[in-house]
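Student: Okay, here's what each chain looks like letter by letter:
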Amino acid sequence: MQKKHVGILLVMPALVFTLACFLLPVLALLLEAFQIDGGAWGLQRFVAFFGDPLNRQVFLRTLRIAVLVTLSAVLLGYPAAQAAAKVAPRYRGLMLGMMILPLMVSPIARTYAWIVLLGRNGAVNSALQALGLSDEPQRLLFSELAVYVGLLQLLLPLMLMSLVGALENLPRDVTHAAATLGANAWQTFCKVTLPLTQEGLIVGGTLVFTGCVTAYVTPALLGGPKVLMLETLLYQKVSVESDFGSANVIAVILVVMTLMVNAGLKRISSSRSKV
Amino acid sequence: MKEGLFSRCMLWLVLLFLLGPFAIVFMAGFSGGETLAFPPPSYSLRWIFEVLAADEFRRAFLTSLQIGLVATAVALLLGTPVAYALSRTRMPAMAAIKQVLTSPLIIPGMIVGLGLMRYVVLQIHAPVFAGLLIGHIALLIPYAVRVVYASLVNLRVDIEDAAVMLGASRLRSFFMVVLPNIRGAVIAAFFLAFVTSFNQVPVSLFLTGPGISTLPIEMLGHMENTFDPSIAALSTLLVLFTMAFVLVTERVLGISKYM
Amino acid sequence: MSYLQLQQLSSGYGNNKAAVNQLDLDVEQGELISLLGPSGCGKTTTMRAIAGLLELQHGRIVLDGEDIGKKPPNKRNIGMVFQSYALFPHLNVWDNIAFGLRLRKVPQAILRQKVEAVIAAVGLSGFESRLPAQMSGGQQQRVALARAVVIEPKLLLLDEPLSNLDAKLRVQMRAELRRIQRELGITMLYVTHDQEEALALSDRIVVMNGGKIEQLDIPETIFNAPRTRFVANFMGFENLFEYRDGRLHHEAHSLPFGDSVPGDTTCIGWRPDRIQVGAGQHSGTVLSRGFLGDTVEYVLQTAIGPVKGLAAVGASIWREGDQVSFALSAKDALFLNQ
Numbered sequence: 001m002q003k004k005h006v007g008i009l010l011v012m013p014a015l016v017f018t019l020a021c022f023l024l025p026v027l028a029l030l031l032e033a034f035q036i037d038g039g040a041w042g043l044q045r046f047v048a049f050f051g052d053p054l055n056r057q058v059f060l061r062t063l064r065i066a067v068l069v070t071l072s073a074v075l076l077g078y079p080a081a082q083a084a085a086k087v088a089p090r091y092r093g094l095m096l097g098m099m100i101l102p103l104m105v106s107p108i109a110r111t112y113a114w115i116v117l118l119g120r121n122g123a124v125n126s127a128l129q130a131l132g133l134s135d136e137p138q139r140l141l142f143s144e145l146a147v148y149v150g151l152l153q154l155l156l157p158l159m160l161m162s163l164v165g166a167l168e169n170l171p172r173d174v175t176h177a178a179a180t181l182g183a184n185a186w187q188t189f190c191k192v193t194l195p196l197t198q199e200g201l202i203v204g205g206t207l208v209f210t211g212c213v214t215a216y217v218t219p220a221l222l223g224g225p226k227v228l229m230l231e232t233l234l235y236q237k238v239s240v241e242s243d244f245g246s247a248n249v250i251a252v253i254l255v256v257m258t259l260m261v262n263a264g265l266k267r268i269s270s271s272r273s274k275v
Numbered sequence: 001m002k003e004g005l006f007s008r009c010m011l012w013l014v015l016l017f018l019l020g021p022f023a024i025v026f027m028a029g030f031s032g033g034e035t036l037a038f039p040p041p042s043y044s045l046r047w048i049f050e051v052l053a054a055d056e057f058r059r060a061f062l063t064s065l066q067i068g069l070v071a072t073a074v075a076l077l078l079g080t081p082v083a084y085a086l087s088r089t090r091m092p093a094m095a096a097i098k099q100v101l102t103s104p105l106i107i108p109g110m111i112v113g114l115g116l117m118r119y120v121v122l123q124i125h126a127p128v129f130a131g132l133l134i135g136h137i138a139l140l141i142p143y144a145v146r147v148v149y150a151s152l153v154n155l156r157v158d159i160e161d162a163a164v165m166l167g168a169s170r171l172r173s174f175f176m177v178v179l180p181n182i183r184g185a186v187i188a189a190f191f192l193a194f195v196t197s198f199n200q201v202p203v204s205l206f207l208t209g210p211g212i213s214t215l216p217i218e219m220l221g222h223m224e225n226t227f228d229p230s231i232a233a234l235s236t237l238l239v240l241f242t243m244a245f246v247l248v249t250e251r252v253l254g255i256s257k258y259m
Numbered sequence: 001m002s003y004l005q006l007q008q009l010s011s012g013y014g015n016n017k018a019a020v021n022q023l024d025l026d027v028e029q030g031e032l033i034s035l036l037g038p039s040g041c042g043k044t045t046t047m048r049a050i051a052g053l054l055e056l057q058h059g060r061i062v063l064d065g066e067d068i069g070k071k072p073p074n075k076r077n078i079g080m081v082f083q084s085y086a087l088f089p090h091l092n093v094w095d096n097i098a099f100g101l102r103l104r105k106v107p108q109a110i111l112r113q114k115v116e117a118v119i120a121a122v123g124l125s126g127f128e129s130r131l132p133a134q135m136s137g138g139q140q141q142r143v144a145l146a147r148a149v150v151i152e153p154k155l156l157l158l159d160e161p162l163s164n165l166d167a168k169l170r171v172q173m174r175a176e177l178r179r180i181q182r183e184l185g186i187t188m189l190y191v192t193h194d195q196e197e198a199l200a201l202s203d204r205i206v207v208m209n210g211g212k213i214e215q216l217d218i219p220e221t222i223f224n225a226p227r228t229r230f231v232a233n234f235m236g237f238e239n240l241f242e243y244r245d246g247r248l249h250h251e252a253h254s255l256p257f258g259d260s261v262p263g264d265t266t267c268i269g270w271r272p273d274r275i276q277v278g279a280g281q282h283s284g285t286v287l288s289r290g291f292l293g294d295t296v297e298y299v300l301q302t303a304i305g306p307v308k309g310l311a312a313v314g315a316s317i318w319r320e321g322d323q324v325s326f327a328l329s330a331k332d333a334l335f336l337n338q
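Chains as they are written, first to last, in the numbering used here: chain D, 1 to 275; chain W, 1 to 259; chain F, 1 to 338.
A portion of the hints provided could be inaccurate.
Claimed, not checked - In silico contact screen, one side only, chain W against chain F (beta carbon under 8 Å); selected entries:
| # | residue |
| --- | --- |
| 1 | G20 |
| 2 | R59 |
| 3 | D158 |
| 4 | I159 |
| 5 | A162 |
| 6 | S169 |
| 7 | V177 |
| 8 | V178 |
| 9 | P180 |
| 10 | N181 |
| 11 | G184 |
Unchecked claim - Counterexamples of contact, computed for chain W against chain D with all Cβ distances above 10 Å:
| # | residue |
| --- | --- |
| 12 | R90 |
| 13 | F129 |
| 14 | R183 |
| 15 | V186 |
| 16 | F198 |
| 17 | G209 |
| 18 | G211 |
| 19 | I212 |
In case anyone wonders, no lab produced these hints; they're calculated from the structure.
All values reported here derive from a predicted model rather than from experimental measurement.
The beta-carbon is built from N, C-alpha and C at its ideal position, and this holds for glycine as well.
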């Protein structure tokens, strides 16, 4: 039918562009990781990659920090989102603006504050010395703690926005209904609020987790060459060591992780049978 | 209610955690000292002026601006027809097309940049600027599609039929009747995409070259070598600029409803 | 030759199923014809096929001597009023109405004249700079009508234009529509599922079912003498029974019906107001009782299934479960042979 053809025509330019300038180069890159010298296919590169203890350490560290940040985001985000969802309509715009603003600012600017705070001459060290808790500046930067804090600050708004959205879509008075049936605050949360906002939680969690795994600026600035995460490792492999083989392996790992998390999200949300 | 109090405390804490750093960046940016000592020994506009005068930052800013504007415009040009097709026609393979076009949001940016550099830029000997542009456009298309689609879906289809029955061709009907009514979404998509492009780091990392660099990349490079408040000053300017941007567009357009 | 001719028209939405199948219809110039039927009967499909918004799978459409089947919809010069008005939200009343004229590059002076005239004709003078969102349903409907009419189309299609209005407004607008149609002499095709509307407005009614025409007649005939069971049921003959060998049948049961009937009768029907409850040779049990104001409506369980009849308010003392008699008289009956 005529309409179908028009539809295909409208979609073509974007589709061709995305395929040629995005998908194909990425696919080529990922496939390279499975190719070994001589043109054959194999997983040797992966074996070699994980054989190096440094690589293993970076991989596990990335996972560890991602999980910690995600959990923290949930624990901090939920109560904050609940309060945010109840804010009077007058202040809603302002509140949303305050939550969206960090997302619009460059990650460099946002991470910078931690450099200022945690640096050798930074605020925390000054405070420690002033309080007599230490004699010389502590190395706070370039540590896992620094990366953890920086990533949490970077990605928390994503969790907040997902949760606020989900909480706002709660059917009205559902929590009041639970209260009239005898549930206390904790029970209401566990049995009513949590299940109903599950999807927002999962979306937020996915965004935070993938954000951590694929972060570059924050680990680069706060972790440095000593505390590498997967993306900073990738950068190092390419620009410093010219080790494209390892870089491809890391790329595959990153893509697989993000795809798995996203697929997992889709499966869970589709099983909710939403229209 | 006790529970309400706990939530509200958490909210304030979280907001402090999220926005406090901006205050710190401001203070560091207005520092009068030589190093990143915090709290700063004195306050002055000295680093702000230095940064504004610096050639490399000015060049990088212009590059970021150009890339941002062009990439956003192209992404909208490519993405709006897609949003229209997805919302108006019953396309076969619609789900698959949606997947392909939103994949840039899922694939880590650095891999895109690396892939583009090795397989496109090097292969066809494209100029650095073109490589950057292509990378940014690919990244921005899903933003354009998503925001415009959300608006199109809420616009009734029968007004296009009405325009057609009054004598307009389908194409004219799009320009005369559909576009004016999704103007807000298109502008919102423009802002969102532009900001995303401007702040982009991972995609640009491998695509910048000698002499051509985006502002964030330039800032990163600078930070590796010098430890003075210049980047803090630059960040301060960027944050102020972004704040003004967001405030104005929220006031004028109510952008938050498109997020 | 008729002004509008539909010849063996077939159209639909999927690739296989035609929602309208080989429809033939002739419409004279200046006529107001209603396409009446339940949802899914094909009336809207027919209209959209005439408009060109749906592709013709088979057949011809001839308007004023011209075969328009292959013409794109924007070149057919057919006006259309949509169920939800479809006013352009970003344009005010004046610009909405002037839209079609501007596309035709009508000179400014003439455009102004025509738009002013039609705005006055629909009673919206003074509303020129209002936006659709600032107007009520009835006002929006009048703008939609004005917009379609000002381009002086050869044919005006109206797709259930009054169904979104409240009852009182609907009756008012109905009269307005009829008046304007008569004044301008425009040929109108009107789609509706409301039989009262069709009866009040139309010169002729096309009752449709399952993509085909069940009956095409003037309103009086459709109302008093439906020719098929479907039309009879649709027009309010709620008591329809099979007739065979002098008896009325319903599943396994039957009642004798001795009066003489036309030879080929296969079905007899009555309107509820033609079945007197309280006296007669048949009897049944009261299933439900409904007060209608000046009469009381009874649904009775009888040997031949449920029967709906009326009784005067003063005479109706029976309640649910009571036995009551009722009459089925031949002189009030409808005899069908289809």
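Student: Which hint numbers doesn't this structure obey?
Tutor: 1, 2, 8, 11, 12 and 16
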